[in-house]
Every structure is written in structure tokens, then in C-alpha cells.
Amino acid sequence: MEQLINELKLQIKEALNLEELTMEEFDENAPLFGEDGIGLDSIDVLEIIVLLEKQYGIRLNNPAEGKAIFQSVNTIAQYVQANRKK
Amino acid sequence: MISVLSTNITSPLGFTTEQNYRAVLSGSSALKRHEGLWGLPEPFAASLFSEELRAALAIDGHTFFESIAIRSIREALTHTRLDVASERVVLIVSTTKGNVEWLDTPHYYPSEAAQAIAQAIGLTTKPIVVCNACVSGLSAQLLADRLLSEGIYDYAIVVGAEVQSKFIVSGFQSLKAVSEEPCRPFDIERNGLNPGEAAATIVFAKTSDRESWQLLDGTTCNDAYHNVSPSPQGDGLTKAIDAVMTGRDKSRLATVCVHGTATLYNDQMESRAIERAGLSDVPLSALKGYYGHTMGAAGVLETILTMQATDDGIVLPTKGFTEPGISGKVSISSKPKKTDKHTFLKVMSGFGGCNVAALYKKGAGSKEQGARKGAGSEEQGARGIVKLEKTHTVRLSSKDEKTLTDIYKQEIGDYPKFYKMDFLSRLAFVAAETLSNSPLKGEDSLPLREGWGGSLILFNHSSSIIADRQFLSTISDKDNCFPSPSLFVYTLPNITAGEIAIRHHLKGETTFYILPDKDETLMQQILEATLRATGTTSAICGWVDAESETNYECELSMYNHT
Chain A
0 MEQLINELKL QIKEALNLEE LTMEEFDENA PLFGEDGIGL DSIDVLEIIV LLEKQYGIRL
60 NNPAEGKAIF QSVNTIAQYV QANRKK
Chain B
0 MISVLSTNIT SPLGFTTEQN YRAVLSGSSA LKRHEGLWGL PEPFAASLFS EELRAALAID
60 GHTFFESIAI RSIREALTHT RLDVASERVV LIVSTTKGNV EWLDTPHYYP SEAAQAIAQA
120 IGLTTKPIVV CNACVSGLSA QLLADRLLSE GIYDYAIVVG AEVQSKFIVS GFQSLKAVSE
180 EPCRPFDIER NGLNPGEAAA TIVFAKTSDR ESWQLLDGTT CNDAYHNVSP SPQGDGLTKA
240 IDAVMTGRDK SRLATVCVHG TATLYNDQME SRAIERAGLS DVPLSALKGY YGHTMGAAGV
300 LETILTMQAT DDGIVLPTKG FTEPGISGKV SISSKPKKTD KHTFLKVMSG FGGCNVAALY
360 KKGAGSKEQG ARKGAGSEEQ GARGIVKLEK THTVRLSSKD EKTLTDIYKQ EIGDYPKFYK
420 MDFLSRLAFV AAETLSNSPL KGEDSLPLRE GWGGSLILFN HSSSIIADRQ FLSTISDKDN
480 CFPSPSLFVY TLPNITAGEI AIRHHLKGET TFYILPDKDE TLMQQILEAT LRATGTTSAI
540 CGWVDAESET NYECELSMYN HT
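Going down the list, the protein sequences come from chains A and B.
In this text, residue positions in the first sequence follow numbering that gives the first Met the number 0: the first is 0, and each later residue adds one.
In this text, residue positions in the second sequence follow numbering that gives the first Met the number 0: the first is 0, and each later residue adds one.
No incorrect hints appear here.
BS3-like, lysine-lysine: derived pairs with alpha carbons at most 27 Å apart:
#	chain 1	residue 1	chain 2	residue 2
1	A	K85	B	K477
2	A	K84	B	K175
3	B	K416	A	K53
4	A	K8	B	K408
5	B	K419	A	K53
6	A	K53	B	K477
7	A	K53	B	K165
8	B	K408	A	K12
9	A	K8	B	K175
10	B	K125	B	K517
11	A	K8	B	K416
12	B	K175	A	K66
13	A	K8	B	K419
14	A	K12	B	K477
15	A	K84	B	K477
16	B	K416	A	K66
17	B	K175	A	K53
18	A	K12	B	K416
19	A	K66	B	K419
20	B	K401	A	K12
21	A	K85	B	K175
22	B	K175	A	K12
23	A	K12	B	K419
Calculated from the structure, these hints are not laboratory results.
Bear in mind the structure is a predicted one, so any value in this text is a computation, not a measurement.
With these hints in hand, go ahead and build the complete structure from the sequences.
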């Protein structure tokens, strides 16, 4: 699990160009949205959906169902572990 | 105020305005579900020219995009006796992606396509391309109004055209914005837009007569909120409508032809703006159920159809609508309505945060509707009076020693979103930052002013070529096709203006033009006409062009009310 979390952090940082966020600062439990967290927006979510399909073969067509999944890197990792096809 | 000499719509529903109007009135739609088209893994509904229609419309030596634009203009011109070779006639082309299928050939450049169209028609003046996302078709008409009102030209041919492709459709699919079924504007079950193809032309004249349709007024406002999501309460659209309608009698409106893309966010936002602007009782019509979203053509096409319907005493029904699924109070129906009014409002909203409202009226000379009573709102009320002066200029180019990232790190540093922007936006952003910081260092000038009076007028030649190449690389491998939503957003060059608008809270006009070259005289004419026609009190204007990351040039100036 820890390995998957780190892998996801790297992939998300690269896909979303989070240039100034260091891996140390990137807390897997921090909320992805809002000013108290990583501060992602709706386009970032869509980009993570692409990432999940590309890297793990997971297709998620309805962004609304992603609400629970995209709370934090931790929740994404749990979802990936349960649903990954590659 | 300018008047309409003639019109044309060339679409899958017909090759003249009349044919199109009759088709729409009979409830026809060219929207069809397509599966496996262009190798796209997901199905989508779209309004596309069939192979037969494509063959009938194609012109030798021209791309299909150019062909439909040329056909549309030619047909519109048959109803006039316009001498197109006159230096008093200008061509304005509205498109979002033009010849994008011809990326990495000279045809790609929107101004090359516009020149090919101009030559085929026999025009001798330099064409102007308006590339302002979904609102382009209205932005193009507002430009026509300004150029004619300023006396720079006497006639303007405004053509809006869009051809669909894997590029555009996969991009909108990556944004989860495309429906597999015919779209349902304002409906509770709506789940996305349908891409559409069409060309539409309006020939405008400076002279007005009592018989023709007039473009009375128009305003562009930016949400300065987000490049893709509209302001939830429709702030920019409400402001644009208010700016046009203040002092005018709302009860005289036959209809508001809304944008109505049938995405969740657009229609919800529009309903809020309509209610906030006090137009809840005016019948709306949303026309995407007939044509899909024809993008660069939409603003022209939907304006023409609404003129035609209003002439016929009809408010067109909203095809696809059954049950309201928006929170704003609006009057919308799937059935046609009769009207005896002769004025209507056309509104559109687009990526990059821009919103346009334009007011049309049949016949000239009516004081009640033509001239507004009293002034507009405080900030916008200053139209035509404020004199703006160029206070600062910043130049950046690939010849500079410092890279854009160097400048960002050394002189800006507090806006991590910089790293998410495409190259063109980074270029414009760094230039605008440098501009907005410099007056504070100067002694006798004012800083950039935020708010509804702050405008951005940008020009270039290479459109969004770097982002287009990057996005294309995410879809060109058939077995590894993962269209990138964030890259797709930047394939609209006006997103550069949107980025600066968000950063500096500029909520006035944001418009992006594409020219054959950096023609200072033409840019100055457009700029001055814009500043005079709008309530701008502070503006960033100029050239922002990036052919590649090693070949770019940017020259932006700040204009301020001194």
C-alpha cells in the first residue's frame, strides 16, 4: 500500500504539474481540494481520471461518483488497489 | 449600431437561411449518435455533414473548413450588390479550431485560412480572425459593429464556421462534457453537449434603414473565476446583460436566445443570470437540440435563426427540453410561441470565462429601444467618454537571456498555477505580471485596475499551436489514446486572457484576435474601437505569439485612465 501511495503521489505531481509541492510536503491524508489541502480543481480531477485509466486500466466515466474516491491520495490508493486492472 | 444586409446558414439541415429555418420549424435535427467514428473509443451524438453533403460542399484547392465558409459567404452575397473588392469591406472570421486538422502545414494558421477564404470571395482587405472560444460568433459581430461605427470600414462580412474532428470531440470527451444522446438544454436529464458543424454568415452595413435588423448593442464581461467552470451565479453573464439592458424596456424582448449547451454547469449558470438580470418572464430559446454546439459558428447561426423566427412572429421551441433542471427562474418551452415583438437578446458564455450579451432590433429609429434611458451602471456608464493612455509596455522574446521560468522564479514566485499553464499562457502571464508590477515602481502612473472596467485585448498569428501539438500527441497513438483535459483547455488561445483575468480580477472585455502578421495599425484600430465602445478603465493589450518554445514574441502594453 505504501508503495502504491508513493507511486500515485509521483504520478499526480507529474500529471498536474505540481512543481512547488515537494514529496515530503505531499501528505496522503490531506484533502485534495480547498485551500487547507492540495488545492486541486475540477480539471485536475479529470486529469487524475485519465491517469487512473492510463496507469491502472480503471475507467471512471461519471466524475460525480468520484467524490468519495478523490478525497485524498489515500482514498485514491484504496480505490486503485480494489479496482486496478493492470 | 449596424444593420444586416443578408445572411446565410450552411449546415447539415440546409444550405440557405430559409432552408434551415424551415427545417428547424418542422422540428428537424441533424444530431445522430456516432460510434467508433475517427477511432474514438467512446460514442457521441453530433450534427455532422454526411459524406454526400461533404462532397457537394467541398471546393477544390480548399480545406473543408474553408469550403463551407466560402459557400456560406457566396450564398449570402447573392442577396446583395456589394462590391467585395472594395477597400471598404472587411472579412471577420469566427472559429475556435479552424483548420486544426492541418496542424504542421501552412493551412493550420487561422489567418492563412481566413486569407484563403477572402481571396476566394474576391476581398482585398486583410481578414481578422476572432478566436474567443464559444462566444466567438458574438465577439465577431461586436467587432463588426465597432469597425463600422468608427468608420474604418463600411461593410463587414462576418462568417462563423466550425468543422468537427477527433481533435475537438476527444477534447470535449476528456472534459466529460459530451452526451451520447441528442442534447437536452435546460432539462433535468441533460448530460452534456453535442459537437456540431456549420458555417453561417451575416453581411453588415454601416447604413441603417427601417426595414432591416440592427445590432444595437453588445457587451463582453469576464467571470475572472475559472477557465472552464462558469461563475456559479453567472456573475459575468448577469453583468453583460445588465450593461446592455439598463435603461431599456425588457418587456419589449421577444426572446432571449440562450447558449444552452446542455452541460450541467452552463445551463444552471445561465438560468441564474437570466433571473438575476430580471428576464425570468421573457421566453427563452435554446437551439443546440437542432444543430449541436457549432462552436465558432454558433453565435452567428443562432442569431440568424432568431432573426428569421422573430420576423415570422415565432419564439423557437427548445428541442430536447421537457422538464426544467435548473434553479434559476426562467420561461422555457418545447413548444413554439407566438410573438409580436421585434427585439431580442442573444447571449453566450465560453471557456476563458467570457460572456457576451448582444441586442438586436428589427427596423431603425425607435427611440424607446434604440437609445437607452439614462446612463448604464456606474462603471460601464463611462462608455465612449473615458480616454485611455498607454502607460507601460513590456517586451519578451525568445532572444532574451532569461527564460519565462527564470522570470517567474525571480520576480513573481507566488502563483504555482504558472506551472500548470501552457507556454502561450505563461508568456502572456509573465508579461502581464511585469506590466502590472511596473506602475507601482513608477512615480506618475496608476496600477492596473481590477473589476468590470478591466479589459484584455490580445492578438497573435500562431494561435495555440504549441498546446495543439501537445494535445494532439495525447490522441495520435490509436492504442494509447488518452486525451488530456488540461492540455485541451489550452488549445483555445483566449485561455491566455482568461488566466490573466483570473489573476488580476479583470472582469471587462477579454477578446483574442488572430491576424496574418503583427499589423500595428490594424491592432491599434481594433484596440481604440474596443476601448471607445466599452466601459474599459484599465486594459492590457498587445501581441502574444509563440510558434514554439524557442520562437516567441510578446509585446503587451497597459492602458489606463490617466
